[in-house]
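Generate the whole structure from the sequences, applying the supplied hints.
Going down the list, the protein sequences come from chains L and X.
Under the working numbering, the first residue of the first sequence carries the number 1, and numbering increases by one thereafter.
Under the working numbering, the first residue of the second sequence carries the number 1, and numbering increases by one thereafter.
Keep in mind the hints are simulated off the structure, nothing from the lab.
Any given hint could turn out to be false.
[What the hints assert, rightly or not] Pairs of lysine-lysine, DSS-like flavour, derived with a Cα cap of 30 Å:
no.: 1; chain 1: L; residue 1: LYS72; chain 2: L; residue 2: LYS82
no.: 2; chain 1: L; residue 1: LYS72; chain 2: L; residue 2: LYS40
no.: 3; chain 1: L; residue 1: LYS72; chain 2: X; residue 2: LYS34
no.: 4; chain 1: X; residue 1: LYS34; chain 2: L; residue 2: LYS40
no.: 5; chain 1: X; residue 1: LYS34; chain 2: L; residue 2: LYS82
no.: 6; chain 1: L; residue 1: LYS142; chain 2: L; residue 2: LYS82
no.: 7; chain 1: L; residue 1: LYS40; chain 2: L; residue 2: LYS68
no.: 8; chain 1: L; residue 1: LYS72; chain 2: L; residue 2: LYS142
no.: 9; chain 1: L; residue 1: LYS142; chain 2: X; residue 2: LYS34
no.: 10; chain 1: L; residue 1: LYS68; chain 2: L; residue 2: LYS82
no.: 11; chain 1: L; residue 1: LYS68; chain 2: L; residue 2: LYS142
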Amino acid sequence: MINNNLILIILNTLISLIDVLLVLLPVLLSVAFMTIIERKQLAAHQRRVGPNTVGYYGILQPFSDALKLILKETVIPSQSNKILFYLAPVSTLIFSLLGWGIIPFGQGLTLFDFSLGILYTLALSSLGVYGVLFAGWSANSKYAFLGSLRSTAAMISYELILSSAILIVILLAGSFNFTTIIESQEAIWFVVPLLPVFIFYFISILAETSRTPFDLQEAESELVAGFFTEHSSIIFVFFFLAEYSSIVLFSCITAILFFGGYNMPELFVNNTFISLQAVVLGLKTCVFCFMFVWFRATLPRLRYDQLIEFCWLNLLPVAVAFIILVPCILVAFDIAPY
Amino acid sequence: MDNISMLFIFVPILSLILLALNLLLAPHLPYEAKVSAYECGYVALPGQTRSTFQIQFYLVAILFLVFDLEILLILPIAVSLYQVGTFGFSVAVIFFIVLTIGFVLEIGSGAINISTSANH
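In structure tokens, the structure reads:
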């Protein structure tokens with residue numbers, strides 16, 4: 001009896017390990033390809049060739065970059081706080097990878113069908129701020145400290161806009177669960193009734209992942225490097241992976257919240273062995289990844305005070321106005337979801 | 001063991017594996033100039049980093065606390081709007097009006113105005 005139970009426990013553990021690997025490995029691969037897509041696409045926008053030496057058309061470039069960075073020496077500044085200096089990049093990577101646990105890739109095709117999925121996502125994106133704060137403070141360097149202050153202020157300001165946009169989506173769906181939100185979009189994608197909300201939602205995720213119109217803490221190389229000025233080799237890779245993982249994750253969440261997730265009515269009403277739902281979600285995610293890079297190639301940067309004032313004086317009143325307006329319509333016409 | 005706890009265990013292990021790979025494979029040859037703080041052309045002054053910074057960053061964080069709590073308090077109404085109906089919604093509107101008065105006061109006192117206060 002005891003032996004049988006033990007075998008069952010081991011089998012269960014193995015199966016869940018395989019499940020986790022089935023999600024994490026494609027995620028890490030997509031993060032790697034996101035970096036090469038960004039470089040190739042930026043090159044195309046500027047009519048250059050881009051990286052084209054490693055592998056066919058340079059598609060193996062991210063792997064050679066990762067190998068090079070793993071083999072580099074880790075320089076730890078002598079005046080830094082050693083434990084926090086390591087903890088910051090590790091926690092940033094962990095929090096951005098954990099967000100993939102509740103994404104539904106198809107009907108019932110998720111690691112964890114959490115009834116409070118939205119709250120889980122919001123909590124993880126808030127926790128990401130700690131990595132930035134720890135990194136800047138522990139390095140004990142002037143530039144890292146200033147960079148982390150600016151990053152933190154920008155991230156927490158735009159998080160307000162992000163959570164109020166998500167709140168409006170919840171009002172229409174009536175649930176915190178991602179699967180329910182996708183199912184409630186079967187009639188129409190939420191981007192149609194909520195187009196202005198989608199616009200300020202997208203602005204806020206650009207700022208949350210500190211992409212180009214809002215990347216004021218580093219500004220490519222004009223300022224030093226923001227909060228990870230002192231971080232080198234593998235701990236720099238952690239920040240890099242976390243940034244690109246959250247870009248892909250937020251693209252995926254955008255597709256789920258506003259563009260119907262894996263829903264594509266004509267495509268998935270079939271009983272074939274291969275489920276096309278995950279492919280549909282992947283294609284939608286690719287569109288938003290493309291938009292991230294497109295904005296980087298197109299838009300000029302704001303000034304730092306403009307960044308904060310744009311959030312608090314322009315976006316926040318609009319967001320609050322929509323939080324009042326949308327439930328007003330729902331209550332007046334008595335069309336609130338059960 | 002269910003999948004999500006396996007994810008919570010596996011992701012930290014993955015990052016520890018990467019750290020260990022770097023520790024095993026990379027050289028480690030520090031010297032004084034290499035491990036000193038980043039600075040542009042001269043020796044970094046030790047007392048410069050744990051010093052004061054602009055109060056505006058702190059004010060933004062305080063304001064964030066208030067408004068984030070506001071949105072968190074509205075979340076339960078958002079999922080139960082059908083049940084609470086007009087009454088629950090009008091309570092939320094009163095709550096918003098009070099907060100908006102506070103927000104206008106904050107803007108008027110220049111709490112968010114980074115550019116002008118930097119010129120003092």
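Straight-line Cα separation of L:LYS68 and L:LYS142 no greater than 30 Å? holds, 28 Å
Checklist entry - Given the proposed pairing of L:LYS72 with L:LYS82, does the C-alpha separation stay at or below 30 Å? => result holds, 19 Å
inquiry  = For a C-alpha distance cap of 30 Å, please report whether L:LYS72 and X:LYS34 respect it.
reply    = holds, 14 Å
_What's the verdict on L:LYS142 and L:LYS82, does the C-alpha distance respect the 30 Å limit or exceed it?_
holds, 17 Å
**Message:** Tell me if the straight-line CA distance from X:LYS34 to L:LYS40 falls inside 30 Å.
**Reply:** violated, 34 Å
Starting from L:LYS68, check that the Cα of L:LYS82 is at most 30 Å away, please.
Roughly 24 Å between the alpha carbons, so the hint for L:LYS68 and L:LYS82 holds.
If you draw a straight line from the CA of X:LYS34 to the CA of L:LYS82, is it 30 Å or shorter?
Given that 30 Å is the threshold and the Cα spacing comes to 16 Å, the pair holds.
Check your understanding: Straight-line Cα separation of L:LYS40 and L:LYS68 no greater than 30 Å?
Key -> Since the Cα atoms of L:LYS40 and L:LYS68 sit roughly 20 Å apart, the hinted pair holds (cutoff 30 Å).
Worksheet item: Is it true that the CA of L:LYS72 sits at most 30 Å from the CA of L:LYS142?
Response: holds, 24 Å
Keeping to a limit of 30 Å between CA atoms, is the pair of L:LYS142 and X:LYS34 held or broken?
holds, 16 Å
| request: Could you grab the alpha-carbon distance between L:LYS72 and L:LYS40 and see if it respects the 30 Å cut-off? | output: Answer holds: L:LYS72 to L:LYS40 is near 25 Å, not above 30 Å.
The structure does not agree with numbered hint 4 stated previously, though it agrees with all others.
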